[in-house]
Amino acid sequence: MSRVESDRKLYEDLVRRHAADLYRFAHRLCGNAQIAEDLVQDSFCEAWRLIQSLRDPLQARAWLFQILRYRYAHAVRDRSRRVQPTGGAELLDQIAEEPGQDVLDALSNRELLQQALDALEGHYKEPFLMVFLDGLRCREVAEALDLPLGTVLSRIHRARQLLRQSLRRLAESDGVCGKVVAGRLSPTPRQQKRPL
Amino acid sequence: MSLIESNNADLPELRRAMGEAAALPPDDPQRRDVEARVSAQGAWARQEWERLLEENECLRAELRRLNVPADLEHRLLQVASLAPRRRWWQRRSALMAAAAAVLVLAGGVNLYQYLQHRSRLQTIALLAINNHLNHLDDDYLSVETSDRARLEAGLSEQVSFPVRVPELGDAFRLCGGRKCALGSHAVAYSLWLGPGGKKYSLFQFLPGDFDVASEMSRRLVHATEPAGTEHPCPAVIWADGDFGYVLVGQFDERLNSVLP
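Here the protein sequences line up with chains A and P, keeping their order.
Residue numbers for the first sequence follow my numbering, beginning at 64 and rising by one.
Residue numbers for the second sequence follow my numbering, beginning at 1460 and rising by one.
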């Protein structure tokens, strides 16, 4: 098999294994389906272009996600669309510390969850999604982002706090707090079993 | 709120520790320590901890609930055909053979190798430029020092090769460095400041990792995006026999000063 053919085979394998996960990550990161598709396509273009630099297929997933994060950062910078913090610093001072039933319920509302994610600053959102969506361990996230483990843990914790705060606020303004499951939302089977 | 809870002055710290530890895997020592503290605090803390774990489950499930476009995979598979990784002269084997024959006839083998090499240098430049641009707002350095010897000693423990920090000239002030990656290869990164606080990133790599010559004079490389647009930062690449280096920063007289 020639080098070009083996590169092509590796590339196709990467697409089949990781494209869906990359798309979910991109969508949660940017909050827009079309931009997420563009990001994933750009990322795979770059992956194809740089595929010879991928020597260890075991690193492929991390490598692809790294390319995607780079593409996202470029997109944010180029289009000056960096998401502005929604009073993050002030929010942190008044955050309700505990996870609550209302937050668990609001999580099952796709729109609220995405709106709350959109309000997070990138440096909180990326490590948070890498752990809870991509399934990476915090140490792997620290390595991928070139950050100390303590910083990653702290950012994930703050992301979670800000997300709770946003979800509570959004759910209240949406008038669904406390009656989420009974309303227009589609609860997960686990939540259906749980009394409100 | 229980009596125990209300008397606990360390409550915010415990909750922060719980929030951080909940993101760690169950076998992590830090998480186990926190679980022990939670158990010692009593029922309210255990309940809150369980809720955190429930929230984790919920987050993992809900974040994945997205419809992936049905034709995404098909479109991405076409990328390899529609956006050839190589240049026009490498696109088709017939063209390659013809081009190779012409090159051989013209004594152009060296030219062909030069083009291959140039393509690899562009790959290195692109990876380094991406890394530089994405850490412009992030000053994390595992070794903070302006002393080259200290940085070399500190970073050599983190990467799998001896780190040698080159002399860049008086226009650059060393701030420190850390281990990082170009593609899937570990490299040694150092941050340098120019007048006005302009940031320059220097990456030391193993030439063999990228199939480039181990001896190269300093040269300016511009990388282009897949769309064809040029990156805002160029890179200066060179190799000194054992190690390769790529220096990235906004092109100015300082970056120009490292060129021969």
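Hints in this document: simulated from the structure, not taken from any laboratory.
Every residue, glycine too, gets a C-beta built ideally from N, C-alpha and C.
Do not take every clue at face value.
Said to hold, decoys possible - Far from chain A, by Cβ distances over 10 Å, these chain P residues were calculated:
1. V1527
2. D1629
3. E1674
4. S1716
As the list claims (entries may be wrong) - With a straight-line Cα cutoff of 20 Å, these simulated DMTMM-like cross-link-like pairs (lysine to aspartate or glutamate) come out:
5. P/K1638 <-> A/E235
6. A/K72 <-> P/E1532
7. P/K1638 <-> A/D181
8. P/K1658 <-> A/D209
Okay, the hints, checked on the actual structure:
1. V1527: Contrary to the label, P/V1527 does not stay out of reach of chain A, its closest Cβ about 5 Å off (not over 10 Å).
2. D1629: holds (28 Å)
3. E1674: P/E1674 is indeed farther than 10 Å from all Cβ atoms of chain A, at 21 Å.
4. S1716: With a cut-off of 10 Å, P/S1716 remains clear of chain A, as the shortest Cβ separation is near 27 Å.
5. P/K1638 <-> A/E235: violated (45 Å)
6. A/K72 <-> P/E1532: holds (14 Å)
7. P/K1638 <-> A/D181: violated (31 Å)
8. P/K1658 <-> A/D209: Given pair P/K1658, A/D209 holds - Cα atoms ~17 Å apart, limit 20 Å.
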